[in-house]
Structures are given as structure tokens and as C-alpha cells.
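Starting from the known structure of chain V, arrange chain B on it as the hints suggest.
2 protein chains.
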Amino acid sequence: MEFNLWAQSIQARTESALEQLLPPSHIAPERLHQAMRYSILGGGKRVRALLAHAAGEFCGANAAHLDVAACAVEMIHAYSLVHDDMPCMDDDDLRRGKPSCHKQFDDATALLVGDALQTLAFELLSAADFGVSVQQKLTMTNLLAKCSGSRGMAGGQAIDLASVGLDLSQEQLEFMHIHKTGALIRAATLLGAYCADNQDKKKNAALDHYAKHMGLAFQVVDDILDTQADTATLGKTAGKDALDNKPTYVTILGLKRARELAKELHHNALSQLGDDAPRLTQLANYITERSY
Amino acid sequence: MEFNLWAQSIQARTESALEQLLPPSHIAPERLHQAMRYSILGGGKRVRALLAHAAGEFCGANAAHLDVAACAVEMIHAYSLVHDDMPCMDDDDLRRGKPSCHKQFDDATALLVGDALQTLAFELLSAADFGVSVQQKLTMTNLLAKCSGSRGMAGGQAIDLASVGLDLSQEQLEFMHIHKTGALIRAATLLGAYCADNQDKKKNAALDHYAKHMGLAFQVVDDILDTQADTATLGKTAGKDALDNKPTYVTILGLKRARELAKELHHNALSQLGDDAPRLTQLANYITERSY
Numbered sequence: 002m003e004f005n006l007w008a009q010s011i012q013a014r015t016e017s018a019l020e021q022l023l024p025p026s027h028i029a030p031e032r033l034h035q036a037m038r039y040s041i042l043g044g045g046k047r048v049r050a051l052l053a054h055a056a057g058e059f060c061g062a063n064a065a066h067l068d069v070a071a072c073a074v075e076m077i078h079a080y081s082l083v084h085d086d087m088p089c090m091d092d093d094d095l096r097r098g099k100p101s102c103h104k105q106f107d108d109a110t111a112l113l114v115g116d117a118l119q120t121l122a123f124e125l126l127s128a129a130d131f132g133v134s135v136q137q138k139l140t141m142t143n144l145l146a147k148c149s150g151s152r153g154m155a156g157g158q159a160i161d162l163a164s165v166g167l168d169l170s171q172e173q174l175e176f177m178h179i180h181k182t183g184a185l186i187r188a189a190t191l192l193g194a195y196c197a198d199n200q201d202k203k204k205n206a207a208l209d210h211y212a213k214h215m216g217l218a219f220q221v222v223d224d225i226l227d228t229q230a231d232t233a234t235l236g237k238t239a240g241k242d243a244l245d246n247k248p249t250y251v252t253i254l255g256l257k258r259a260r261e262l263a264k265e266l267h268h269n270a271l272s273q274l275g276d277d278a279p280r281l282t283q284l285a286n287y288i289t290e291r292s293y
Numbered sequence: 002m003e004f005n006l007w008a009q010s011i012q013a014r015t016e017s018a019l020e021q022l023l024p025p026s027h028i029a030p031e032r033l034h035q036a037m038r039y040s041i042l043g044g045g046k047r048v049r050a051l052l053a054h055a056a057g058e059f060c061g062a063n064a065a066h067l068d069v070a071a072c073a074v075e076m077i078h079a080y081s082l083v084h085d086d087m088p089c090m091d092d093d094d095l096r097r098g099k100p101s102c103h104k105q106f107d108d109a110t111a112l113l114v115g116d117a118l119q120t121l122a123f124e125l126l127s128a129a130d131f132g133v134s135v136q137q138k139l140t141m142t143n144l145l146a147k148c149s150g151s152r153g154m155a156g157g158q159a160i161d162l163a164s165v166g167l168d169l170s171q172e173q174l175e176f177m178h179i180h181k182t183g184a185l186i187r188a189a190t191l192l193g194a195y196c197a198d199n200q201d202k203k204k205n206a207a208l209d210h211y212a213k214h215m216g217l218a219f220q221v222v223d224d225i226l227d228t229q230a231d232t233a234t235l236g237k238t239a240g241k242d243a244l245d246n247k248p249t250y251v252t253i254l255g256l257k258r259a260r261e262l263a264k265e266l267h268h269n270a271l272s273q274l275g276d277d278a279p280r281l282t283q284l285a286n287y288i289t290e291r292s293y
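Chains as they are written, first to last, in this note's numbering: chain V, 2 to 293; chain B, 2 to 293.
This is chain V alone, in the form it adopts within the complex (with noise of 0.2 Å):
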């Protein structure tokens, strides 16, 4: 299958699977679950969906197993932007081309769509009637958490936050982006790889190199798009983080050596992989290709 059907396809099969998975708006609280649903079905890239699931086709495991994994980490990921966006951190009031959570509700109800979200995850790879061995659904809970807490995505936040106005060097540029993106697009290739039956240490090394390499060069690429794309094809504020008087790449490096890093780590991300793996290559290159 083309990439780009074969994205859709994942693409759709996600929202589909998000949701049955999610609570139904009509179920009480009736507004927090109607936020909850406005804040993550509908739009995105659904990047972590993709990687969990070429991830997991490359390791052999099972399609509706994968969709659970994809849908847990969609919803960490959609847990941290609904945060993100609300007045006390980014004050964003624009997200997937929508109003951001907190503008389109409130403040206090954006702030329990985001915590409940979070547990909903959690929620879903425990589940009794999640496919895959109990071992299986131990590890990837406890990858999830590990990777999303204070010593990965939450505390990138922290970091971000810390950092802004501050001249910092690429090594702690990329430190930061290691907790903040990293983490979870790491979180995401390797819950596709544990869904597999059976588990190929060398495989899931190779996985684990290509998502360290693919979660910088997914930021190196957002921060390049963030001063060359508008706000309509990104469907979020364009230029927010030089108004937000953040350190990014393009700042740190200069637009034409952010593009090379971007080449670089995609180059290095599939050093590991050989040939067998055309779906992690494919994405690879949307990732780095990518306009919005």
C-alpha cells in the first residue's frame, strides 16, 4: 500500500478506535466528556498513532492491539497540549485549527480534560480486556508512565517553561526536546513493539535508535515550520515561539544547519533498520517532509 493511503488508514482507524474508547458525551459529567472528545477526535497528525503502528507491523503484532496502544499515547499526547495550551503555560487559543480546549470550555474544565485524559491511558493498557499478555500490558503501562511523568514529557515542560529568555546551547536544546517530544515519540515506537507476541531484543533496538533520532528531527522540523508556515496550515499559532522569546533551533542553529540537523537525524534514525523496513522509512521521511 502507498504511505499515504496506508496513513489514512491508520489515521482513520485511530479516530474510530478513540472513539469507542473514550467515555460517550452523554454519560455524566456530560461537559467533561464532550471536552474530552472535542480535544482529541478530529484533527492531528496522529504522528505517535503512526509510529506505533509501523513499529508494531514491522515487529509482527496484531492490528486491533496496536490500535489500544496508538490510542493511549494520542491520548497522553492530547492530555499535554490541552495544558499546554491554557493561559498558565502557552496561552494558546488555537489548536488543530480549533479553538484550544480551555477557550472553546474553560479553564477549570480544560484542566480536568487534560488529568482525565491522562488517566484514561493509563486505563486503557491495564484494561482486562486489552488483548495482549498481562506482562505485556505491565510493561507498556509502566513505559508510558516513565516516559510521560517528571523525568520525560512532564518534565520537559518544566524545562521549556524554565527556559524561556535564556541563550541556550544545542546540548541543552536538546536535552529539553529529549523529555518534551522525545519521550513520548520514543514511548510511542516501542508500546507498537511490545504488542508484538514475541519480542526481538535486536529489533526493539533498532526501534529505539530510530525514535530517539525521528523525536529530535520531529522537533528540528516543528521549529523550522514554526518560522516559515502560517497559522492557517499549521492550525496552531505560527511564529509563538519567537514571540514567546523561546530558545528553538532555527534561533540556536540558523534555518540552513536546523535543515541539515533535520537530514542528519533522519539519516541516522534508519542506520540500524536495513532494508526491511520500507513503513519506517516512509515515515521517516513524512516526518522530516512534513509542511504543517
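Fair warning: there could be bad hints in the mix.
Where chains are identical, the list cannot tell them apart; a pair therefore holds if satisfied intra-copy or between any two copies.
What the hints assert, rightly or not - Think about it this way: if two alpha-carbon atoms lie no more than 25 Å apart in a straight line, the pair counts; the simulated SDA-like pairs of lysine to any residue are: (1) Lys237 x Asp108; (2) Lys203 x Ala13; (3) Lys213 x Ile28; (4) Lys147 x Glu31; (5) Lys202 x Leu256; (6) Lys257 x Gln9; (7) Lys147 x Ala129; (8) Lys147 x Gln9; (9) Lys99 x Glu261.
Hints in this document: simulated from the structure, not taken from any laboratory.
Using the frame of chain V, we list chain B on its own:
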């Protein structure tokens, strides 16, 4: 051992276990880790830890395993308090006799502290070095997630928000509290039971009955104390519910009937336990007779 001494010993070992399980404050991001430790260490009645230990002792569980379960529930509780105190929610400056997290640090840090404490609870219960069986860990992780999410504690917060200024019936108030406070009280008790090597369905059912009634009793007493005790005794702002125009058991039933209800719930909580549960009986007395 006398109840007070037992409670003090559980509070002390919970404090010490939390000390060890929280990330040290010298590890990056330092400020986030300091704020996480500030928000959960050195205070609180640790009612949920007491419940986990009392239920666990009743079922013959290992005390070191109970420490992990107790810490996980206390982390969820602490995260909910940190978020609940934020300006967009209850906007309370005082917690456990100290400035609340967003006052001591800032709103963005408080947001991330709550997020990361929640994650850490799930990381602990799914950790490889938690000494119970893989199946027990998974059951406990899933129970805690169900009880904390949008159909549990976070859902209760949403109902609480929506009820400000409304005339609730006693039934509607009960529905709110079953979610907001009751779900986590129930999780604490059952997590204690699930730490035992052998599961006794009859004991677990009696504990579930106990926890459901004690959850409501706890809230009725909270509402009474909010109108009767002063801020210094409570360690949080007294009279806050009336100030916020929130329905409580006292506003709906009056003080006299609220006190009777607490006694009835206490009596009912113990009705399935028999005479071999002295610690749970003493704990029920403590919860309904406490002065803060």
C-alpha cells in the same frame, strides 16, 4: 497497639516511603521535583494510606507492599488537591497549613506537579520492583485509574464545578461525593486488600461496603468541620464552601441531621465486617470523630 500509635506509625512509614519514591530534588528538572515534594511531603492526615494499611492488614498483606499502594493513592490525592487549589478551580491559597503549591511556586508549576504526581502513581503500581504478582499490579493499576478518572474522582470535580450556586437534592450531592471523594477512598481500601497474596471474595465485598459508606461519612464530616472548625485547625481555609456558594450536607440537611447521617453511615460501614476487624473499626471512629 493502640490506634493512635498505629496511625502515627503508618503516617511515618508513608512519609518515609514517599520520600524514597519521589524523584530527588537535585535531579533535573529540579524546580518541578522540589514542588512535587513540597506538595505531598510533611503533612496531611494520610487517611487513604491508613485505609490501605488497615484493609491490607485485615487481609494478611505484606506491609512493604502496602506502602507502595498507599503512596500511589496518596499521590493521586495530592495531585487532585494541587489542581483543585489552582485559581481556575477553587482558588485556595492554603493547604495543610502551608501556602498551596501555586502560591509557593507558580500556576504553571502547579499544573505540572499535579500532572507528574498522577503519572508517578501509575509508574509505581506497574514497576518491576513492586513485589506483588504481575496480575495484582495490573488489577491495582486499572482500579486506581478507573477510580481517579472521568467516571471517578476527576468526574466528581467536574460535577462539583457544575453544582456551584445550584440547589442540589441529597441524592445529587451524594452522586457528586461518591465520585469526588468516595471513589478514591474505595480505591485506597481495595488496593490494600489486593496486596494480599490470596484474595477472599467475602472479605473484599465487606471492605467494598465499608469503603463506600466511609467515603460518604468522610465527606459529611468534612462539610460539618468546614462550618465548625477554624482555619488554623483545618490547615485549609474554613467556611470556604459557604463562601463559594457550594451545596454541602450541612446546607442541605442542617447541622443536626448531618451529624446523625455521619453516625448512620459509620454504623452501616461496619455492618458486614464482624468482630475481627478492630483496626478498621477504630479507623472508622477516627474518620467520623476527627476535628480537622
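Earlier hints that do not hold, by number = 2, 5, 6, 8 and 9
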